[in-house]
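**Student:** Once you've looked at the hints, dock chains F, R and A against the given chain L.
There are 4 protein chains.
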Amino acid sequence: VHEDRLQDLIERLRRFTRERRWSQFHDPKNLAMLVASEAGELLQLFRWVRNDEADAFARSPENRREIEAEIADVAIGLLLLADRVGVDLPEIVRSKIARNAEKYPAAP
Amino acid sequence: VHEDRLQDLIERLRRFTRERRWSQFHDPKNLAMLVASEAGELLQLFRWVRNDEADAFARSPENRREIEAEIADVAIGLLLLADRVGVDLPEIVRSKIARNAEKYPAAP
Amino acid sequence: VHEDRLQDLIERLRRFTRERRWSQFHDPKNLAMLVASEAGELLQLFRWVRNDEADAFARSPENRREIEAEIADVAIGLLLLADRVGVDLPEIVRSKIARNAEKYPAAP
Amino acid sequence: VHEDRLQDLIERLRRFTRERRWSQFHDPKNLAMLVASEAGELLQLFRWVRNDEADAFARSPENRREIEAEIADVAIGLLLLADRVGVDLPEIVRSKIARNAEKYPAAP
Numbered sequence: 345v346h347e348d349r350l351q352d353l354i355e356r357l358r359r360f361t362r363e364r365r366w367s368q369f370h371d372p373k374n375l376a377m378l379v380a381s382e383a384g385e386l387l388q389l390f391r392w393v394r395n396d397e398a399d400a401f402a403r404s405p406e407n408r409r410e411i412e413a414e415i416a417d418v419a420i421g422l423l424l425l426a427d428r429v430g431v432d433l434p435e436i437v438r439s440k441i442a443r444n445a446e447k448y449p450a451a452p
Numbered sequence: 345v346h347e348d349r350l351q352d353l354i355e356r357l358r359r360f361t362r363e364r365r366w367s368q369f370h371d372p373k374n375l376a377m378l379v380a381s382e383a384g385e386l387l388q389l390f391r392w393v394r395n396d397e398a399d400a401f402a403r404s405p406e407n408r409r410e411i412e413a414e415i416a417d418v419a420i421g422l423l424l425l426a427d428r429v430g431v432d433l434p435e436i437v438r439s440k441i442a443r444n445a446e447k448y449p450a451a452p
Numbered sequence: 345v346h347e348d349r350l351q352d353l354i355e356r357l358r359r360f361t362r363e364r365r366w367s368q369f370h371d372p373k374n375l376a377m378l379v380a381s382e383a384g385e386l387l388q389l390f391r392w393v394r395n396d397e398a399d400a401f402a403r404s405p406e407n408r409r410e411i412e413a414e415i416a417d418v419a420i421g422l423l424l425l426a427d428r429v430g431v432d433l434p435e436i437v438r439s440k441i442a443r444n445a446e447k448y449p450a451a452p
Numbered sequence: 345v346h347e348d349r350l351q352d353l354i355e356r357l358r359r360f361t362r363e364r365r366w367s368q369f370h371d372p373k374n375l376a377m378l379v380a381s382e383a384g385e386l387l388q389l390f391r392w393v394r395n396d397e398a399d400a401f402a403r404s405p406e407n408r409r410e411i412e413a414e415i416a417d418v419a420i421g422l423l424l425l426a427d428r429v430g431v432d433l434p435e436i437v438r439s440k441i442a443r444n445a446e447k448y449p450a451a452p
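Chains as they are written, first to last, in the numbering used here: chain L, 345 to 452; chain F, 345 to 452; chain R, 345 to 452; chain A, 345 to 452.
Keep in mind that a hint or two might mislead.
Only part of the chain L face toward chain A is listed, based on derived beta-carbon distances under 10 Å [unchecked claim]:
no., residue
1, W366
2, S367
3, F369
4, K373
5, M377
6, Q388
7, F390
8, R391
9, V393
10, R394
11, G430
12, P434
Between beta-carbon pairs, the in silico distance windows are [stated by the list, open to error]:
no., chain 1, residue 1, chain 2, residue 2, range
13, R, R409, A, D352, 24 to 30 Å
14, L, F369, F, W366, 34 to 40 Å
15, A, S404, F, E397, 24 to 30 Å
Source of the hints: derived by calculation from the structure; they are not laboratory data.
Predicted model only: the values in this text are computed from it and were never measured.
Glycine residues also receive a C-beta, built at the ideal position from the N, C-alpha and C atoms.
One chain only, chain L, in its complex shape (with noise of 0.2 Å):
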C-alpha cells in the first residue's frame, strides 16, 4: 500500500503545533511572514553564486545540507499556511501549472 507522503508531513506538523500550544501564533497572516523570511534565508545562500557555477555550488556536501534545510524550512511554512488556510496543496499546484501552460505557449 502506497501511504500519501504529504498528508503524512501534515499530520506530523499539526501535532507538533498542537503540543507546542503555537497554533494562537499560526495565523496566515504570520505564517505568510514564515514562508517570505524562510525563502530570505533561502536566498541569501546564493547571493555572491554566479548563475553558470550555481549547480556546481550546490552539489557541494556542505552547501547542499544548508540548501536542504532552507527548503525544507520553507516548504514547513507553506505546509502550515495552506493547512490553515484550509487548501490542498497538490491540487491548487496542478491548477496553476494548467493555467500557466496556457499563459505562456509551449516553444514550437
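**Tutor:** What follows is chains F, R and A alone, placed relative to chain L:
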C-alpha cells in the same frame, strides 16, 4: 491504486520546463530568487491585515483565490528548485520537523 | 544653504501618512512586511537576468524606470519604519559600515 | 556648514567595497538579492509579534538593537544598488512619493 501526487506534479513541471526550453534559466540561484519573489507576493496580500482578522480575511472567496494562487507560485518555485538540486522534498521536510521537535521541546 | 534632503523626505512621508490617516496601519510589523514585499518586487525584475548581463540590463531606459520605482518603494518602507521606531537612519548605517569594516578586513 | 550625510555614506560604502575588491560581486542582480535577503532578516524579527504589540516590542533595548542592525543592512544594500545603477536615491524617492500622492488621494 494510490497515485503519488507529488511525483505527478514534479513530472508536470519537468514537461512544462522542457517544452519551453527554460531549463537554461532554472539554475539554483535563479530558482531561489523565484521562490523569494513569489513569497514576497504572498506577503503583500497580508501587509495591512491585522493578526486577529487574518483568518477571516483568508476565508473571503476573492482573497482566498489570490492566496491560493500565491501559495501555488511559491510551491512551484520550491518544487523546481528541489528537483534541480536533486533533493527528495518530503524526506527533507520530515527530517527537519524531527530536528525542530528536538530543538523546541513540547509544552508540558 | 544646503538642505537636508533626507529630513525633507521624512517630512513628506509624515504628511502623506497623516493626510491619509494611515498611521494606524503603520506599526513596525506591518512596515517590515512592506519593506520585504517591496524588496520581493525589486528581486522579481532580476530573476532571469544573468549576472554578467545585469549591468547592461539596468541601463536600458525601460528597465531602469522599473528598477528606480522598486528601489524607491523599498526606500519609502525603510524610511517609514525608521521614523516609526525613532532611529536616525544615516547614523545606524554609518555605525553598521564601521562594524562591517572590522568584521571583514580589507584585502592586503 | 551642513554636510550631506547621504553622500558621506555612499563614499564610505564605495571605499569599503573598493578596499575589499568586492565590486565584481556587486552587480545589480546580486545587490537586489542582498536587499531582499536582508529584508527577510528584518521580517524575521517581527514574525510572532502581534500588530498591537509591535511598537512596544520595538522599544525594548535589545529588540531595538536588532531592528536597527537589520534596517541598516537593508539600507546598505539599497545604497550599494542605487550607486551601482547610478540613481539619485532621494530624487527617486521624492518623485515616487509625489506619484503615490496622486494615486491615493488624501482622506477628506
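**Student:** It remains to establish, for every hint, whether it holds in the given structure.
**Tutor:** Consistency of the hints with the structure:
Hint status for L/W366 relative to chain A: holds, with the closest Cβ pair at about 9 Å, below 10 Å. Among the interface hints, the one on L/S367 is violated; its C-beta lies about 12 Å from the nearest C-beta in chain A, farther than the 10 Å criterion. About 5 Å separates the beta-carbon of L/F369 from the nearest beta-carbon of chain A, less than 10 Å, and the hint is met. Below 10 Å, beta-carbon pairs count as interface contacts, and L/K373 has one with chain A at about 8 Å; its hint therefore holds.
Given hint, L/M377 at the interface with chain A, holds; its Cβ is 5 Å from that chain's nearest Cβ, closer than 10 Å. Proximity of L/Q388 to chain A holds as hinted, the smallest CB-CB distance being about 4 Å (cut-off 10 Å). For L/F390, the interface hint holds, the least distance from its beta-carbon to any beta-carbon of chain A being 7 Å, beneath 10 Å. A cut of 10 Å between beta carbons decides the hint on L/R391: the least distance to chain A is about 5 Å, and the hint holds.
Interface restraint check: L/V393 against chain A, minimum CB-CB distance 9 Å, threshold 10 Å, status holds. Taking 10 Å as the C-beta contact cut-off toward chain A, the hint placing L/R394 at the interface holds, the least distance being around 9 Å. Here the hint on L/G430 is broken, as its CB sits about 22 Å from the closest CB of chain A, past 10 Å. The criterion of a C-beta within 10 Å of any C-beta in chain A is not met by L/P434, whose closest approach is roughly 26 Å, and the hint is violated.
Taking 24 to 30 Å as the suggested C-beta distance range, the pair R/R409 and A/D352 conforms, at roughly 28 Å. A hinted range of 34 to 40 Å for the beta carbons of L/F369 and F/W366 is consistent with their spacing of about 38 Å. Checked against the given bound of 24 to 30 Å, the beta carbons of A/S404 and F/E397, roughly 26 Å apart, stay inside it.
Violation of the numbered hints given earlier is confined to hints 2, 11 and 12; the remaining hints are satisfied by the structure.
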